[in-house]
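J.: Taken in order, these protein sequences are the chains called A and B. Count the first sequence with my numbering and you get residues 1 to 289, in order. Count the second sequence with my numbering and you get residues 1 to 291, in order.
In case anyone wonders, no lab produced these hints; they're calculated from the structure. Idealized CB from N, CA, C, for every residue including glycine. Treat the hints with care, since some could be wrong.
[As the list claims (entries may be wrong)] Label-pair restraints from in silico Cβ distances:
1) A/247 with B/257: 25 to 31 angstroms
2) B/71 with A/55: 41 to 47 angstroms
3) A/178 with B/185: 31 to 37 angstroms
[Stated by the list, open to error] The list that follows gives simulated cross-link-like pairs (lysine-lysine, BS3-like), each with its CA atoms no further than 25 angstroms apart:
4) B/187 with A/113
5) A/185 with A/113
6) A/251 with A/64
7) B/95 with B/190
8) B/133 with A/8
9) B/95 with A/276
10) A/251 with B/133
11) B/95 with B/187
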Amino acid sequence: MTSFKFTKYNIGRAFIYLILLFFAFIYLAPLYVMFTTSLKDIEEIRSGNLMALPIDPTFYAWKKAWSSACTGSDCNGLAPYFWNSVRIVFPAVIISTIVGAFNGYVLAKWKFKGSEFLFGALLFGCFIPFQVILLPMAKLLGMLGLANTVTGLVLVHVIYGVAFTTLFFRNYYVGIPTELVRAAKLDGAGFFAIFRHIFIPLSAPIFVVTIIWQFTQIWNDFLFGVVYSGSGTQPITVALNNLVNTSVGGKEYNVDMAAAIIAALPTLAVYVIAGKYFVRGLTAGAVKG
Amino acid sequence: MLNFLEKNLPKIVLAPTTIVMVICMYGFIVWTGLLSLTKSRMMPQWDFVGLDQYRRLFANPRWDVAVDNLFIFLILFIVIALVLGLLLAIFLDQKIRAEGAIRTIYLYPMAISFIVTGTAWKWILNPGLGIEKLMNDWGFVGFEFRWLVEQDMAIYTIVIAAVWQSSGFVMALFLAGLRGVDENLTKAAKIDGASTFRLYWHIVLPLMRPVFFSAIVILTHIAIKSFDLVQALTGGGPGYASDLPANFMYTFTFNRAQIGLGASSAMIMLFGVLAILIPYLYSELREKNHD
């Protein structure tokens with residue numbers, strides 16, 4: 001190793017690393033603060049400061065956040081709502097992904113007169129501010145008897161998620177050579193056979209991207225959750241917000257932070273495990289592929 | 001019959017989505033649009049009163065505050081996130097060791113919900129126990145930071161939290177763009193003796209035009225839809241000082257039983273999105289036709 005010299009180049013490099021590390025610190029700080037705060041007791045929170053390490057770490061806040069903190073009028077912690085979110089997310093992700101795969105397949109390889117227009121019209125759904133559909137959707141859910149139910153929320157997430165899933169699959173399938181489809185057709189393969197035997201085996205990456213995207217979107221949703229759920233059927237984001245805004249007997253910041261981490265854990269875990277695909281999903285609609 | 005099915009299979013597969021789209025997107029937009037022309041309060045009713053609700057909306061000081069806030073938020077959020085994202089991307093593009101790890105750190109906030117982000121920053125910015133106390137403990141006695149409870153400053157806390165959450169994403173967009181720049185181009189410029197600054201300013205940045213475009217559209221979209229972040233961080237307060245249009249719409253529709261007024265505010269939000277989206281799609285399509 002050569003000894004370090006203060007050349008212009010080296011100072012420049014050092015500066016770049018310094019800036020990058022400084023921002024890494026800024027991005028990580030809130031997570032650090034949340035985590036350390038969640039391990040302190042309320043005395044320590046009042047006497048210490050944000051960056052101080054917990055002197056006497058305790059899981060009190062985590063236990064309370066999970067099973068006995070008050071979210072509005074009932075005090076069962078976040079657990080029931082965590083499971084609500086699970087019950088909403090799984091069916092909604094699976095259904096919207098499958099529908100999107102079929103739609104994308106048709107829009108990419110079985111174009112018909114007007115299919116491009118349909119795609120454009122559907123794409124628009126990725127951009128509308130959902131405020132314009134909130135009320136009529138509430139009416140429709142009421143008419144279907146699904147107001148304030150988990151099933152109703154699944155339905156809403158499927159309906160407004162399909163625009164994205166279709167976009168993902170369509171853009172991916174456009175890249176698969178049409179000659180493959182033609183050759184298979186000549187061999188007598190039909191619509192479903194071609195999908196099943198040619199497209200599905202090639203689709204693993206786009207399934208992962210779509211599933212991760214939908215999972216994060218739906219798990220993190222608040223707007224639909226707060227409008228279409230009733231007492232007992234709220235998803236975790238709504239429960240977290242209620243928990244933070246319920247102050248029975250003094251504010252417990254440690255419980256708030258433990259609850260926030262619990263609400264964030266599933267999507268964070270997905271990000272850590274499959275970050276590459278997560279990024280691809282984020283940029284899929286943005287960077288022209 | 002079977003032949004007919006076989007032939008129309010693609011259309012049949014697309015039919016359910018099409019029907020749902022026509023009803024639940026376009027039908028619902030029309031429904032909300034019509035509702036905004038009635039004097040509905042608690043329940044939808046269909047006595048049309050023309051643009052009365054829009055007049056009431058624009059005369060409502062709370063809506064004024066929400067729209068002003070949106071502009072403050074939009075401009076600051078977009079400019080800061082773009083500058084920060086671009087700088088970090090350029091720095092990260094200098095053959096940095098542990099690039100992957102640093103990128104992961106910059107981007108993880110994007111995986112978290114705005115409610116969690118809001119909850120975390122509400123605690124960090126807590127007047128008294130948050131950053132203020134930290135700075136005091138670190139020796140900056142008398143340091144004050146009470147934006148969260150100040151009428152004029154609360155909206156800026158939303159900017160801080162939103163930039164924290166989204167700038168890593170902008171960085172990822174730019175990094176992908178930078179990686180797409182032809183290396184020969186930059187090499188040639190270096191041989192010609194261009195400084196790094198001039199290289200980026202005159203050659204690389206102009207090539208990033210489409211990325212700027214996409215990033216601005218996405219950030220605008222995030223900003224206009226921002227509802228949860230405000231709800232979790234400031235609750236729209238103090239008073240209604242940090243309301244955004246989405247929060248206005250929610251409050252008047254669901255808490256105040258003024259659904260006609262709520263519908264008119266939703267329609268204005270839609271028009272706002274369209275005003276940005278249509279030129280974007282237009283230029284995208286024109287570019288594609290040129291290819």
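J.: Take the hints in turn and mark each one as holding or not.
T.: Now for the hints, and whether the structure bears them out:
1. Checking the proposed 25 to 31 angstroms range against residue 247 of chain A and residue 257 of chain B shows it holds: the Cβ atoms sit about 27 angstroms from each other.
2. Under the hint 41 to 47 angstroms, the C-beta atoms of residue 71 of chain B and residue 55 of chain A, about 46 angstroms apart, fit the expected range.
3. At about 33 angstroms, the beta-carbon gap between residue 178 of chain A and residue 185 of chain B stays in the expected band of 31 to 37 angstroms.
4. Note on residue 187 of chain B and residue 113 of chain A: the hinted pairing is violated, with a Cα-Cα distance of about 48 angstroms set against a maximum of 25 angstroms.
5. This hinted pair checks out: residue 185 of chain A and residue 113 of chain A have alpha carbons roughly 20 angstroms apart, not beyond 25 angstroms.
6. This hinted pair checks out: residue 251 of chain A and residue 64 of chain A have alpha carbons roughly 13 angstroms apart, not beyond 25 angstroms.
7. Distance restraint check for residue 95 of chain B and residue 190 of chain B: the Cα-Cα separation of roughly 16 angstroms lies within the 25 angstroms cut-off, and the hinted pair is therefore satisfied.
8. Our distance criterion of 25 angstroms between C-alpha atoms is broken by residue 133 of chain B and residue 8 of chain A, whose separation comes to about 40 angstroms.
9. For the hint pairing residue 95 of chain B with residue 276 of chain A, the CA-to-CA distance comes to about 19 angstroms; that is within 25 angstroms, so the pair holds.
10. Of the supplied pair hints, the one linking residue 251 of chain A and residue 133 of chain B holds, its CA atoms being roughly 17 angstroms apart against a limit of 25 angstroms.
11. Between residue 95 of chain B and residue 187 of chain B the alpha-carbon distance is near 15 angstroms, which keeps this suggested pair within the 25 angstroms criterion.
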